[in-house]
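Same order as they appear, the protein sequences are chains P and Z. This note's numbering puts the first residue of the first sequence at 1, with every later residue one more than the last. This note's numbering puts the first residue of the second sequence at 1, with every later residue one more than the last.
Calculated directly from the structure, the hints in this document are not laboratory data. All figures in this text were calculated on a predicted structure; none of them were measured in a lab. Built from N, CA and C at the ideal position, the CB exists for glycine as well. Misleading hints may appear alongside valid ones.
What the hints assert, rightly or not - Lysine to aspartate or glutamate pairs mimicking EDC-like chemistry, simulated, CA-CA at most 20 Å apart:
1. Z:K57 to Z:E69
2. P:K42 to Z:E69
3. P:K42 to P:D83
4. P:K67 to Z:D54
5. Z:K57 to P:E93
6. Z:K57 to P:E45
7. P:K2 to Z:D59
8. P:K110 to P:E93
9. Z:K9 to P:E3
10. P:K42 to Z:D106
11. P:K67 to P:E3
To be verified - Pairwise CB distance ranges (calculated):
12. Z:K14 to P:E57: 31 to 37 Å
13. Z:Q41 to P:S69: 40 to 46 Å
14. Z:N99 to P:E57: 17 to 23 Å
15. P:Q31 to Z:R109: 42 to 48 Å
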Amino acid sequence: QKEVEQNSGPLSVPEGAIASLNCTYSDRGSQSFFWYRQYSGKSPELIMFIYSNGDKEDGRFTAQLNKASQYVSLLIRDSQPSDSATYLCAVKEVTGGGNKLTFGTGTQLKVEL
Amino acid sequence: DGGITQSPKYLFRKEGQNVTLSCEQNLNHDAMYWYRQDPGQGLRLIYYSQIVNDFQKGDIAEGYSVSREKKESFPLTVTSAQKNPTAFYLCASTPDSSNQPQHFGDGTRLSIL
C-alpha cells in the first residue's frame, strides 16, 4: 500500500513568519507531487506542483522536492491569517493506469495575529 | 465559465436507498475521478475514468457504481450496500492521464437520515 505521510498539526505560526509543511512518501518511483489547500467545508484547490528535485517558487509559496529522501515540502513566506487551512500533499502513482493520486491526511495550519 | 459542477451540494439518504451524485465538466477533459473524504482524513479514490465508456475501480469502490456515457458527465451512485456513506464526495478531472494536476468541483456532502 503506497503511503503519503503528513503531520496532522495544528501547526501554529505568527503572522508574517514562514510556515513549513512536510510530506514523506513510500513509493520511491513517484514522479509527480502536488500541494492542495483546503478551507474548512470546502473542496481542495491546487497550490503548487513539482516534478523535479530542487525548489519551485510561485509568489509566497515554494515547493521543495528531495527524491532521494522521499520528501516534499511546502514553504509559505509572510504567512497571512487567510493562509489558515488544511494543506494536503498528493503523490501520483507510478504503476497502474491513469493519473491516480494518493493523498496524505493533511496538515492544519493556523496563522495567528 | 469553464469548470466542474457537482450537485446537489447537500444530500440525505434513507436506509436502503440508492442515491446518485452528479458531476459535470465543460473543460473537455478526458479523465474524471471520484473521491471520498471523511472528517480529518485525506481523499480516497472511489472510481476513475480515463475515456468515455471506460472506468476503473479505485481503492474503495465497494458499495459504489459509476457510468461514463458522455465525456462531460461522470455520475456516482451510492448504493444501499455502502453501509457508511456519510462523507464529503469530491469529483475531479484532468485533460488526460498524464501528470496534469487534478482540479476539483465544490463537492457533495452526503448524510444518513
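Here is what the structure says about each hint:
For a cut-off of 20 Å, the pair hint linking Z:K57 to Z:E69 stands: about 16 Å separates their Cα positions. With a C-alpha separation of about 28 Å, the suggested pair P:K42 and Z:E69 falls outside the 20 Å cut-off, and the hint is violated. A threshold of 20 Å between alpha carbons decides the hint, and for P:K42 with P:D83 the separation of about 14 Å falls inside it, so the pair holds. For the given pair, P:K67 sits about 33 Å from Z:D54 by alpha-carbon distance, which is inconsistent with the 20 Å threshold.
A threshold of 20 Å between alpha carbons decides the hint, and for Z:K57 with P:E93 the separation of about 15 Å falls inside it, so the pair holds. As the CA atoms of Z:K57 and P:E45 are separated by approximately 24 Å, the hinted pair breaks the 20 Å bound. Distance restraint check for P:K2 and Z:D59: the Cα-Cα separation of roughly 11 Å lies within the 20 Å cut-off, and the hinted pair is therefore satisfied. With a C-alpha separation of about 30 Å, the suggested pairing of P:K110 with P:E93 is violated against the 20 Å cut-off.
With a C-alpha separation of about 30 Å, the suggested pair Z:K9 and P:E3 falls outside the 20 Å cut-off, and the hint is violated. Using a Cα cut-off of 20 Å, the hinted pair P:K42 and Z:D106 holds, with the two alpha carbons roughly 7 Å apart. For the suggested pair P:K67 and P:E3, the alpha carbons sit about 15 Å apart, so the restraint of at most 20 Å is met. Remark: the range hint 31 to 37 Å for Z:K14 to P:E57 is contradicted by a beta-carbon distance near 51 Å.
The supplied range of 40 to 46 Å is broken by Z:Q41 and P:S69, whose beta-carbon atoms lie about 26 Å from each other. Range check, Z:N99 to P:E57: Cβ separation about 19 Å, and the 17 to 23 Å hint holds. The supplied range of 42 to 48 Å is broken by P:Q31 and Z:R109, whose beta-carbon atoms lie about 33 Å from each other.
When the structure is compared with the earlier hints, violations turn up for hints 2, 4, 6, 8, 9, 12, 13 and 15 and for no others.
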